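Chemist: Letter by letter, the chains look like this.
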Amino acid sequence: MPTATNAQIEQIFREHYGRAVAVLTRSFGSIDAAEEAVQDAFSTALERWPATGLPPSPAGWIITTARNRAIDRARREASRADRHLAATLLDTPDVESQEHAVRDDHLRLIFTCCHPALATSAQIALTLRLLGGLTTAEIARAFLVPEATMAQRIVRAKGKIRDAGIPYRIPPEDQLPLRLRAVRATLYLIFNEGHSASETSQLIRTELCDEAIRLARLLALLMPDDAESWGLLALLLLIDARRASRVGADGCLVILSEQDRSLWDRVKIAEGQTIVRECLEANQPGPYQIQAAINAVHSDALFTGAIDWPQILVLYNQLITFEPTPVVALNRAVAVAEVEGPGAALILVDELQLGEYRMFHAIRADLLRRLDRRSEAVAAYEAAIALTKTDAERAFLQRRAAEVK
Amino acid sequence: MKQYLISLYQPDGPGRPDPEALGRIMRDVYAIRDELKAQGAWVFAGGLHDASTATVVRVRNGETLITDGPFAEGKEHIGGFTILRAPDLDAALEWGRRYAAATTLPVEVRPFREEGPS
Numbered sequence: 001m002p003t004a005t006n007a008q009i010e011q012i013f014r015e016h017y018g019r020a021v022a023v024l025t026r027s028f029g030s031i032d033a034a035e036e037a038v039q040d041a042f043s044t045a046l047e048r049w050p051a052t053g054l055p056p057s058p059a060g061w062i063i064t065t066a067r068n069r070a071i072d073r074a075r076r077e078a079s080r081a082d083r084h085l086a087a088t089l090l091d092t093p094d095v096e097s098q099e100h101a102v103r104d105d106h107l108r109l110i111f112t113c114c115h116p117a118l119a120t121s122a123q124i125a126l127t128l129r130l131l132g133g134l135t136t137a138e139i140a141r142a143f144l145v146p147e148a149t150m151a152q153r154i155v156r157a158k159g160k161i162r163d164a165g166i167p168y169r170i171p172p173e174d175q176l177p178l179r180l181r182a183v184r185a186t187l188y189l190i191f192n193e194g195h196s197a198s199e200t201s202q203l204i205r206t207e208l209c210d211e212a213i214r215l216a217r218l219l220a221l222l223m224p225d226d227a228e229s230w231g232l233l234a235l236l237l238l239i240d241a242r243r244a245s246r247v248g249a250d251g252c253l254v255i256l257s258e259q260d261r262s263l264w265d266r267v268k269i270a271e272g273q274t275i276v277r278e279c280l281e282a283n284q285p286g287p288y289q290i291q292a293a294i295n296a297v298h299s300d301a302l303f304t305g306a307i308d309w310p311q312i313l314v315l316y317n318q319l320i321t322f323e324p325t326p327v328v329a330l331n332r333a334v335a336v337a338e339v340e341g342p343g344a345a346l347i348l349v350d351e352l353q354l355g356e357y358r359m360f361h362a363i364r365a366d367l368l369r370r371l372d373r374r375s376e377a378v379a380a381y382e383a384a385i386a387l388t389k390t391d392a393e394r395a396f397l398q399r400r401a402a403e404v405k
Numbered sequence: 001m002k003q004y005l006i007s008l009y010q011p012d013g014p015g016r017p018d019p020e021a022l023g024r025i026m027r028d029v030y031a032i033r034d035e036l037k038a039q040g041a042w043v044f045a046g047g048l049h050d051a052s053t054a055t056v057v058r059v060r061n062g063e064t065l066i067t068d069g070p071f072a073e074g075k076e077h078i079g080g081f082t083i084l085r086a087p088d089l090d091a092a093l094e095w096g097r098r099y100a101a102a103t104t105l106p107v108e109v110r111p112f113r114e115e116g117p118s
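Protein chains in written order, with full-length UniProt numbering: chain F, 1 to 405; chain V, 1 to 118.
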């Protein structure tokens, strides 16, 4: 049997954390008790596995050990409530091996973490903590807040789940579309947080992207008939495939059309494009699928050497019927600029009320630059620079502004 | 069963619905109450006079201090509430949704700390 290092054990627990907490929360009726039990199992694994090697099924071992530790603890502490818990645990049939039961528990935990009664920031923190198995310290680092703040956010969210009686269940059919939308939005936000990386915390933020993709994959596998969840997974894969080419060696952002395509991740692109094709066949279009399709067309440039802008514009025309928002209109204008020219795009952009949004100024600046309206372009670049929060983006905008001057 | 407080938040001052609309709202609200009662979920409900009729009482160093209310400044105050029993937050939110739809007011759903006598 292979021996196990502490790092390996940590990795295994992180991988199976969500599944274990999900199953145990149902048996214990308490997220805190489930987490505590998994933590106990982790301590036991650290003691035993280096000597004994990995058990044949680490996931099963974690859940069984966690449950036994919880029973021990309840007997030892022997308060009335705990004795009741111990009785419940002993009565619980061993369902870990039943895949469909685990699937349902996993979904219960996902929907509970992303319940709309919780603030978005709490949904994100809980999802990363309970499903992703990230530590509170890691989540705090990723969101650039003090660890105590993040710890309090998680405690408060778990308190609301318990005290307000947020149910641990898969929503009924009539609520499912709305609740799924909330889950997808949370995963997308986690990805975006990682994607808009500032260099100071590059590593942990890359981990956020990986975690968002892992959870999006989990969601799609758990809800295989939900085309939008597949669309989300494809979208994240296709955006993430360009991760290595987004920032140049000089720390400056590289825009899509100027990226070194040889750095694109072909495996992720292939998977993303395959999912997009399958979504097209399923024919239940939605905003994530269309955004994935737009990114699939962008990725095609890897093979064709050119971006099919007319096709992208067609897709944006579809997207805007699903999401008639100023941000979508702004992104559509970028495609209009390529198909009909920067003048036509600028007319569209100038109608939008997006003065607080840095991309509005950045895109406007680019259109003005291409129309050779230099002083207006510089003013727009400066407005974008004032709103940007990442060094890479600032470096890019400053360079462009200097070129126009 | 848990107990939840459903509070209806009403804008202060004028802008109240006309008598006909108010009649319709009250009919809808009573219909929800009848349904709650039929399901054994109803605990208590009441409508309140304007927030301008509220008075705040404090005791400091043994002395009573009475001031004109309401306690919290704001443009909206509780105009009425219902206390109900529900198995979980989702069920309570569904009742809340129905009150919000009937009254067109925002509704706050808040759990009681202890389960009351059933």
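Simulated from the structure, these hints should not be mistaken for laboratory data.
There may be inaccurate statements among the hints.
As the list claims (entries may be wrong) - Derived EDC-like pairs (lysine to aspartate or glutamate); straight-line CA-CA distance at most 16 Å: (1) 160/F x 278/F; (2) 405/F x 391/F; (3) 160/F x 88/V; (4) 160/F x 108/V; (5) 2/V x 376/F; (6) 268/F x 210/F; (7) 160/F x 90/V; (8) 2/V x 76/V; (9) 160/F x 114/V; (10) 2/V x 114/V; (11) 405/F x 376/F; (12) 2/V x 90/V; (13) 268/F x 225/F; (14) 75/V x 12/V; (15) 405/F x 372/F.
As the list claims (entries may be wrong) - Here are the in silico distance ranges between beta carbons for each label pair: (16) 114/V x 50/F: 41 to 51 Å; (17) 64/F x 70/V: 36 to 46 Å; (18) 54/V x 282/F: 36 to 46 Å.
Quick caveat, the model's predicted, so the values are computed rather than measured.
Even glycine gets a Cβ: it sits at the ideal position worked out from N, Cα and C.
Chemist: State for each hint whether it applies.
Modeler: How the hints compare with the structure:
Between the alpha carbons of residue 160/F and residue 278/F the distance comes to roughly 39 Å, so the proposed pair goes past 16 Å and is violated. For the given pair, residue 405/F sits about 21 Å from residue 391/F by alpha-carbon distance, which is inconsistent with the 16 Å threshold. Annotation: proposed proximity of residue 160/F to residue 88/V holds, straight-line Cα distance about 12 Å (limit 16 Å). For the hint linking residue 160/F to residue 108/V, the alpha-carbon distance of about 14 Å falls within 16 Å, and the restraint holds.
Distance check on the hinted pair: residue 2/V and residue 376/F sit about 61 Å apart at the alpha-carbon level, beyond 16 Å; violated. This hinted pair checks out: residue 268/F and residue 210/F have alpha carbons roughly 12 Å apart, not beyond 16 Å. Distance hint between residue 160/F and residue 90/V is fulfilled; the C-alpha atoms sit about 13 Å from each other, no more than 16 Å. With a C-alpha separation of about 27 Å, the suggested pair residue 2/V and residue 76/V falls outside the 16 Å cut-off, and the hint is violated.
Annotation: proposed proximity of residue 160/F to residue 114/V holds, straight-line Cα distance about 14 Å (limit 16 Å). A hinted pair counts as satisfied when its Cα atoms are at most 16 Å apart, and residue 2/V with residue 114/V qualifies at roughly 8 Å. Using a Cα cut-off of 16 Å, the hinted pair residue 405/F and residue 376/F holds, with the two alpha carbons roughly 10 Å apart. Restraint check: the Cα-Cα separation between residue 2/V and residue 90/V comes to about 12 Å, which is no more than 16 Å; the hinted pair holds.
With a CA separation close to 22 Å, the supplied pair residue 268/F and residue 225/F exceeds the 16 Å bound. Under the criterion of a C-alpha separation no larger than 16 Å, the hint pairing residue 75/V with residue 12/V is consistent with the structure, at around 6 Å. As the CA atoms of residue 405/F and residue 372/F are separated by approximately 11 Å, the hinted pair is consistent with the 16 Å bound. Range check, residue 114/V to residue 50/F: Cβ separation about 47 Å, and the 41 to 51 Å hint holds.
The hint said 36 to 46 Å for the Cβ distance between residue 64/F and residue 70/V, and at roughly 56 Å that hint is violated. For the pair residue 54/V and residue 282/F, the supplied restraint of 36 to 46 Å is violated, since their beta-carbon distance comes to about 57 Å.
Checked against the numbered hints given earlier, this structure breaks hints 1, 2, 5, 8, 13, 17 and 18; the rest are met.
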